[in-house]
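Q: Dock chain B against chain A, hints included.
The listed protein sequences correspond, in order, to chains A and B.
Residue numbers for the first sequence follow numbering that gives the first Met the number 0, so the first one is 0 and each next one is one higher.
Residue numbers for the second sequence follow numbering that gives the first Met the number 0, so the first one is 0 and each next one is one higher.
Keep in mind the hints are simulated off the structure, nothing from the lab.
Note that this is a predicted model, so its numbers are computed, not measured.
Glycine residues also receive a C-beta, built at the ideal position from the N, C-alpha and C atoms.
Treat the hints with care, since some could be wrong.
Only part of the chain B face toward chain A is listed, based on derived beta-carbon distances under 7 Å [unchecked claim]:
| no. | residue |
| --- | --- |
| 1 | 4 |
| 2 | 219 |
| 3 | 222 |
Just some of the chain A residues that point at chain B, by a computed CB distance under 8 Å [stated by the list, open to error]:
| no. | residue |
| --- | --- |
| 4 | 108 |
| 5 | 138 |
| 6 | 140 |
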Amino acid sequence: MMDTARPKPPVPQMRRKSDRSNLIHVNRSMPRRDRAHDEKPIIEVKGLTIGWGDTIVQENLSFEVKRGEVFGILGGSGTGKSTLLRFLIGLEQPIAGEIDIAGRGRPDLEAGLPPFGVMFQAGALFGSLTIGENVSLPIEEWTDLPDDAIAAIAHAKLKLVGLADAADMCPAELSGGMKKRAAIARALALDPELVFLDEPSSGLDPVMAADLDELILTLSKTLGLTVVIVTHELESIFRIADRIVMLDTETKTIIATGDPRELRNSEDRRVGDFFNRRSKES
Amino acid sequence: MHDAVAFWRDVRKETEGDLGRIVFDLSNVQAADGGVVALLVELRTELGARGVKAELAGANDRVETIVNLYSGHEGVTLRTKHKPEGTVAQIGRSTFEVKEEAKALLDFLGNMVLAGITLLRHPRAGHWKDVVALCEKTGADAVPIVLLINFLVGFVMAFQSAKQLKMFGANIYVADLVGISLTRELAPLMTAIIVCGRSGAAFAAEIGSMKVNEEVDALRTLGISPFGWLVVPRIAALILVVPLLTLIADFVGTAGGLLVGIIDLDLTAQGYVIETLTAVHGWDVLTGLLKSLVFSVAIGLIACQQGLAATGGAEGVGRRTTSSVVTSLFMLVAIDALFTVIFRAFNV
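Only chain B is shown next, with the shape it has when bound in the complex:
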């Protein structure tokens, strides 16, 4: 096979043009590998189609056996090259895919509502014992990363604003800026992004693997609803955990700002804290927690829906996991923007 490229090129060149008959003399060939013989047989077929009588002659027993083996493949059609999809076709296909996805999402939401109603009527039917373990996985295990990221967010925000505020002698207002931004916007959003990347992706991958391994089907044949058993406990865990993580993020982000206030703006810790408490009202924290509650439901629903839609093995699970994270991130930002507009409209 090592010489096959040169061999193929040479032989094809030799056989170009009008030929009445051509004989490939194999009498000096002591041994041949399958690839080269396959090319020769293919060439004989191609020449035959052009009306050229081609023969493979003089082969020893060993080579002839291989020729006979590959002769069964005469008339093999060439691999058709895929024509690249046109722009219009791509738009059309994507539109249909969006339609199908929307249908699947509505179907999923409908099933979720039914599962919710069933659980309200029969709370004992819920698979609640998983909730504690899920809270630990999505909450307790996420605390270190939530601490680090939100501390850095508060720190960077204070650092960036310090330079500007210093020019006006308004150093103390760093506490206002950091406190309000964090509690109303950044802490809920950053925490939700972390939960989406950690737990949302894990949920999608876990449920996706269960789907492709027929575990979800097995649940259904046991008369157990995958929604009640897999989806509801995960969403319940996120609802319990994400607001708590957000609250932690509020404190630790403020600590990041405080550090900058002390080392860069010559503020006292007491002064910074008093200014923060003056600027940040309970409602600011509550709006953040309300957002985090909605974020947690969105992350859970999207992750579980994508997981349950997985098909086609490991590749399908990977695709759905990616899709879960991307869709969730988009939805988080969209929901955040919607909340901001609503709060602004109602002046809260």
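Just chain A, same shape as in the assembly:
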């Protein structure tokens, strides 16, 4: 995966367009040549404990995500996968531990544009805007491009996810799968080097889920994107993930890390049961 991925540049600290002296003129996807930078993991998590107040959801989590790989966060329902994602992207403050994203430490969402895009589970598209406006929004907000250029970029992003004809539609008019595609387009609007996808194929029929997996794989390979996927859909994981971490509810920590295809034969009963869809009682 790493060999086929196009290397990504370090993300420049972006400023709002209102700050005229710091307009963005740098294409974030321009290839760069710093090998040491490429070999450094894009996400490093050390001893992370997540939860609220006295409630600990997961503790002592440590893992790394390499640049250009598709990395899965796996676990049963209620293990705290989506919660972990919220902590990784800076929406919540961890109880303990360290998170480093793209060498910039724990994301501070108040400080500017984070170096990643996010697709939330239900898409989280802005209902008052059309799909095209949803995708244009971050470009309008963070660049000083003229309207026609913004529209062209938004169109290209929507075309990338197969929604070129849906630009003028409202989110309420889209199916679940289309909403997720549109949300991916919005997450990619500013060409981040890293995207987080929360349950991308949940609630979709098998064909639509497979299409979405194919899209994620294509984006990862052609754009050199690092993709972090939160899911419990095994088919998706086997199809697209290079590596995974598996969370457990009882021990409240990671019980397996590695290639999902190898973990299928894990001697750990919990891991084996999950990957082979075995009931706990069997």
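A: Showing chain B alone in chain A's frame:
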């Protein structure tokens, strides 16, 4: 399940007292539904706990399958009844909730101040293009209801006072009473109440829905401040619109009084208008507009704060919307009272 109540009552009665062993003979049972079998299995567990050996015997294959299915639930603990919260506990919980709410409100105000400073430094960063649409929604769309309510307020006030003033032959002073009351107190307050019920509730529900649908989180991950993008345009729209609505309310309320003056007090329209203009000074109208400005900020802040505090899906949004309206109404009256005291103290 239809016979389950009678069945449960009868079987429990039969199994009361000291029993060494009890056998439930199911040989004549051709079919049983899940609920009845679940009750029998539960009863067997309960008897076992009392030291009574209970058996379910003679069931045909079909019934036995259901019994085996429900036997997995042996030892199910009874639902614990919630003890009603005591008065002291309620007071304690409410106190903590008030503390938390106050903390959240201060946090919100702090963020608003930061967003305000950012917008002063970089006005282009504001999401101003929403302001026009919001002005239309909160202002233009509210005009009919503002007209109707304030016309009726002026009309009712004049009607109520007419009877009293007639007794003293002071019919013309209805114009003074209606004009001053409306411009200083009632028009700003009634208009703010209408805006609070219409737009404040809508803002809280809209932002609350965005919050529970993760749209607010999505904004933050795009590096966009929800305060600058959602809160500031709404408050700006209210600041622009509420004083204008109040001004309209002043005129239409006066028209309500005028109608009563003409039909009930035999006043001429010209006489009523001249008396109103004599009694009502520019400062009276200005104090009303000043109040409406503060009301609009209060409505906007409370509605947006409640919306952003919504959690837990549709129920949470509903709770916050209600809370937004109730809190705003209380604040409107409190602010109005404060203004009245201040104006009185400074004799204005």
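Q: All the hints need checking, so say for each whether the structure fits it.
A: Going down the list of hints, with the structure as the test:
Given hint, residue 4 of chain B at the interface with chain A, is violated; its Cβ is 33 Å from that chain's nearest Cβ, farther than 7 Å. Taking 7 Å as the C-beta cut-off, the interface hint given for residue 219 of chain B holds, the closest approach to chain A being about 5 Å. Contact between residue 222 of chain B and chain A, as hinted, is supported at the beta carbon level, the nearest pair being about 4 Å apart and thus within 7 Å. With its C-beta approaching chain B no nearer than about 5 Å, residue 108 of chain A sits inside the 8 Å limit, and its interface hint holds.
Restraint check, residue 138 of chain A versus chain B: the minimum CB separation of about 10 Å is more than 8 Å; hint violated. At about 6 Å, the closest approach between the beta carbon of residue 140 of chain A and any beta carbon in chain B falls short of 8 Å, and the interface hint on this residue holds.
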